[in-house]
Amino acid sequence: MSQEQRPAADAPGPAPDASASQAAVALAEWCRNAARWLHLVRRLSRSAADTLELREQLVRELPELVEQFGDLSLDVTPRSLVLDEIPVLIADHSNDPGGSTGLEQELTWVLHRDGLRRLHFQRGLTTADARAFLDAVALAAPACATHEDLVTLLWDSAPASVEWEAEESSAVQPVTRRLAPMRAPAAHEYDWPLPDAPAADLHLLWLDLERDESAHTLSFVEQWRKEHAQPFAERSAAFVHELRARDPRPESDAALAVALVTWLATATQLGDWAEAREALSLIERVDPERKQAGPALEHALSGLDAAAITDRLDSDPHELQAQAFALAVRIGAPALPLLVAILGQSGRTRVRAGATTALAFAFADDPSPLATLITDPRWQVVRDTVFVLGQIGGPAVVPLLAQAGRHVDARVRRAAVDALGQVPAAQARPALLAQLDSPDLRALRSALAMLARNPDARTAEALLSRVRDPGFEARPEDQRLALIAALPDLAGEAAVPALAELLARGGWFARPGPERPAAARALQHLGTPAAREVLEQGRHHRAAAVREACEQALRGAHGA
Amino acid sequence: MSTPEPPLPSDETPRLDPPPDATREAWDALHRGARELHLPGALERGVELRHTRRCVQPMVDALLSGERVAATLANVEPGGGAAVHAAHTALAALCVAHALELPRASLADLGVAALLHDIGRGRTAGGAAMEHTREGVRCVLRCTTWSPLSLLVMQVALTHHLDRDAPLAAQVVSAADAYVSLLARETGEEPWLSPAGALARVLAALRTRWHPAIPSALVRALGFYPPGQVVELDDGSCVRACSPAADDPARPWIARLADARGLPVPAWASTPTPLPARRHVVRALPRHEWPEVARARPAA
Chain A
1 MSQEQRPAAD
11 APGPAPDASA
21 SQAAVALAEW
31 CRNAARWLHL
41 VRRLSRSAAD
51 TLELREQLVR
61 ELPELVEQFG
71 DLSLDVTPRS
81 LVLDEIPVLI
91 ADHSNDPGGS
101 TGLEQELTWV
111 LHRDGLRRLH
121 FQRGLTTADA
131 RAFLDAVALA
141 APACATHEDL
151 VTLLWDSAPA
161 SVEWEAEESS
171 AVQPVTRRLA
181 PMRAPAAHEY
191 DWPLPDAPAA
201 DLHLLWLDLE
211 RDESAHTLSF
221 VEQWRKEHAQ
231 PFAERSAAFV
241 HELRARDPRP
251 ESDAALAVAL
261 VTWLATATQL
271 GDWAEAREAL
281 SLIERVDPER
291 KQAGPALEHA
301 LSGLDAAAIT
311 DRLDSDPHEL
321 QAQAFALAVR
331 IGAPALPLLV
341 AILGQSGRTR
351 VRAGATTALA
361 FAFADDPSPL
371 ATLITDPRWQ
381 VVRDTVFVLG
391 QIGGPAVVPL
401 LAQAGRHVDA
411 RVRRAAVDAL
421 GQVPAAQARP
431 ALLAQLDSPD
441 LRALRSALAM
451 LARNPDARTA
461 EALLSRVRDP
471 GFEARPEDQR
481 LALIAALPDL
491 AGEAAVPALA
501 ELLARGGWFA
511 RPGPERPAAA
521 RALQHLGTPA
531 AREVLEQGRH
541 HRAAAVREAC
551 EQALRGAHGA
Chain B
561 MSTPEPPLPS
571 DETPRLDPPP
581 DATREAWDAL
591 HRGARELHLP
601 GALERGVELR
611 HTRRCVQPMV
621 DALLSGERVA
631 ATLANVEPGG
641 GAAVHAAHTA
651 LAALCVAHAL
661 ELPRASLADL
671 GVAALLHDIG
681 RGRTAGGAAM
691 EHTREGVRCV
701 LRCTTWSPLS
711 LLVMQVALTH
721 HLDRDAPLAA
731 QVVSAADAYV
741 SLLARETGEE
751 PWLSPAGALA
761 RVLAALRTRW
771 HPAIPSALVR
781 ALGFYPPGQV
791 VELDDGSCVR
801 ACSPAADDPA
811 RPWIARLADA
821 RGLPVPAWAS
831 TPTPLPARRH
841 VVRALPRHEW
851 PEVARARPAA
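Line order of the protein sequences matches chains A and B.
Going by the working numbering, the residue at position 560 of the first sequence is 560; the numbering climbs one at a time, nothing skipped.
Numbering-wise, the working numbering comes out as the position in the second sequence, counting from 1, plus 560.
Looking at chain A on its own, in the form it has when it is part of the complex:
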């Protein structure tokens, strides 16, 4: 109904304005709640308790608004809903981390996207109408990768007192409109030959048909219901089987595989993991080597609304989360963007853990696609990727872990060092030795611990070179102590001269300091005759600091 028909606009004077304003205020509140409800639908699903509760509140309130203020006509734009030139809802996605993509999740956009331009809530609106309207909106909300169309859903549910105006009534995709307006039409070739049988006498035939018409119609309707009650997955599988039997050509299989990928993507978007699994099974049957399906999967899955999927997963029960990640493992490399998005966006530790586990399984044979994640701007994603690389292990992950070991964030570097423990020692050693210069104490200690598992001459040489380096004194104290403490395990007997030097450094003027006792403890820990000899000599050193350090070390040994 147009605005002229609204009582608020009909009556002269200030009262109508006030009424219109009141209607706008009331409707704005309703719209805000509706927008909030839509976010809940995205995050929790349509059937979640919170979602249903809010929907029922909206269902109750809308007829009351229409009853109170008369017909309400809303203009729909991508960013706003407008009642009589007064905006009643403006999409606020300015703080959305996804930037402009955040608009796609707003009520305004969901309404506008499929061509809806004006909504009319008319007098007599019932709660059933309101519920039908909201259900259609909820079904169409994730339509970026599905087959739901809001205008058609409204048409299907046919709420009696909700009218709408939509653009593109011809409804074929705009891409087809770019064609030349009228090319020569294709002439039709008729494929039903003229039957040889003589024409029937319709009257006689009708007597025959009419006799059993009711029974046949009932049987038809029953069979129709049966056909349509069959689950979509079963119908799809049966059709794929039939099509391949009738058309076994490779090009048909190729087209089939690519089309089935769209089904998998849609089911994934909707969080219907069982259906997505069925789709993947069919894809694997049609295109076992994934010649066609592989690129199609990459394309389709990278275009999904990962934020919506992540939100849904965050609120799903554990079983569904497990199904999702099991599917991702089966999909393999094409699932990478989706898993990464989940890693980056999920607020649940369990979900992120599931994603990392899925990545570890999915890329166990070839971790090279994970290389792109090492340069991801989100440190958490890089850290989790490093964890995944550690789970995968083997020589292939070493270059990636070495790269992660140079990451600007210490948390990533620590994770990289931890992960290097999962790869063969000889291959991990260069990356671990690079950590000897790390300014991060935890990373340094972890690297030293890893290196201590399989010490060798190169490790000893590298450690001794750090200790003897002129810059050693300039390093933070705790780092110096860590390096000294590691010398017995990593350098063995070769460390004795360096430790002796550290112990006696300063000569007559040696002062108490942390390195000297540390060197003495290291010598004591080493426990070789040469090391003990150095300590015994130290007990008689001219400098009191040296004598004390050696005494303490030896006392500690005896005490132990």
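Be aware that a few hints might be false.
Said to hold, decoys possible - Far from chain A by the CB rule (all over 10 Å, computed), these chain B residues:
hint: 1; residue: Pro772
hint: 2; residue: Leu793
hint: 3; residue: Asp807
hint: 4; residue: Leu817
hint: 5; residue: Arg821
hint: 6; residue: Pro834
hint: 7; residue: Ala837
Unchecked claim - Which chain B residues face chain A? A few, computed with CB under 7 Å, are given here:
hint: 8; residue: Arg613
hint: 9; residue: Gln617
hint: 10; residue: Arg698
hint: 11; residue: Thr705
hint: 12; residue: Leu711
hint: 13; residue: Ala760
hint: 14; residue: Arg769
In short, the hints are calculated from the structure, not lab data.
Backbone N, C-alpha and C fix where the C-beta goes; we use that ideal spot for every residue, glycine too.
Chain A is already provided as a structure; the job is to place chain B on it using the hints.
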């Protein structure tokens, strides 16, 4: 025997009787949708079937509101393009499905499937006669996403020439396709069948291909005297059948063509009306017996 007339040079559909506004708008939407879908290269650019439903919805609503939409089938004639054939088949299928009391949403889906049932035709380079059914599936596979609607469209495209084994939707489209095809068929050796002749041949030779409810629904949808058929009444006058009465396929709505003396009825007096209770149809006239005014092909 009537002289075969040359096919129309364009894809436009001629109108015999101006249909009611709702029917006209619904037909325009349906035909426009069919035309866009059948434009060369349209499918290659991608089609979202969920939007294509909207082309069919006005026709479904017109049908359910009691509009005599079947009257538009009077315009079926030889030489129409693929889009016109698709739209006519969709309309006939909707009428049959409505007679079978299918629900509203199913009607819309069926209409979309009927619009695309022969989409593979013209895309095959020779090969078997039914190659277009497989090519049709490939077209749909390539142009849209896998969904319940696209699955239905593919089922119909693949199986609408099968006997009995096909899904029911495909059988309904098959019956509609057979009628529209025979009605539009005209070759040098074969005369252009009258609507009643086409229906009689379809039922005589093909009815066993389909579920037994479909032939009777086809008769309910079209009547004994399908839209466009010229019949002689018991008073000797000559009328054109527009669409069947809802409860009696033997009593069509009629538009008068010639009175009992053979004199043409002026246009203002030929508005479609129900067959008067005191009158009945004596016989359906073969096309060569149609009066000149009925045989004349109106301008597009």
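Going through the hints against the structure:
| no. | hint | verdict |
| --- | --- | --- |
| 1 | Pro772 | violated (4 Å) |
| 2 | Leu793 | holds (16 Å) |
| 3 | Asp807 | holds (12 Å) |
| 4 | Leu817 | holds (21 Å) |
| 5 | Arg821 | holds (28 Å) |
| 6 | Pro834 | holds (19 Å) |
| 7 | Ala837 | holds (19 Å) |
| 8 | Arg613 | holds (5 Å) |
| 9 | Gln617 | holds (5 Å) |
| 10 | Arg698 | holds (5 Å) |
| 11 | Thr705 | holds (4 Å) |
| 12 | Leu711 | holds (6 Å) |
| 13 | Ala760 | holds (4 Å) |
| 14 | Arg769 | violated (11 Å) |
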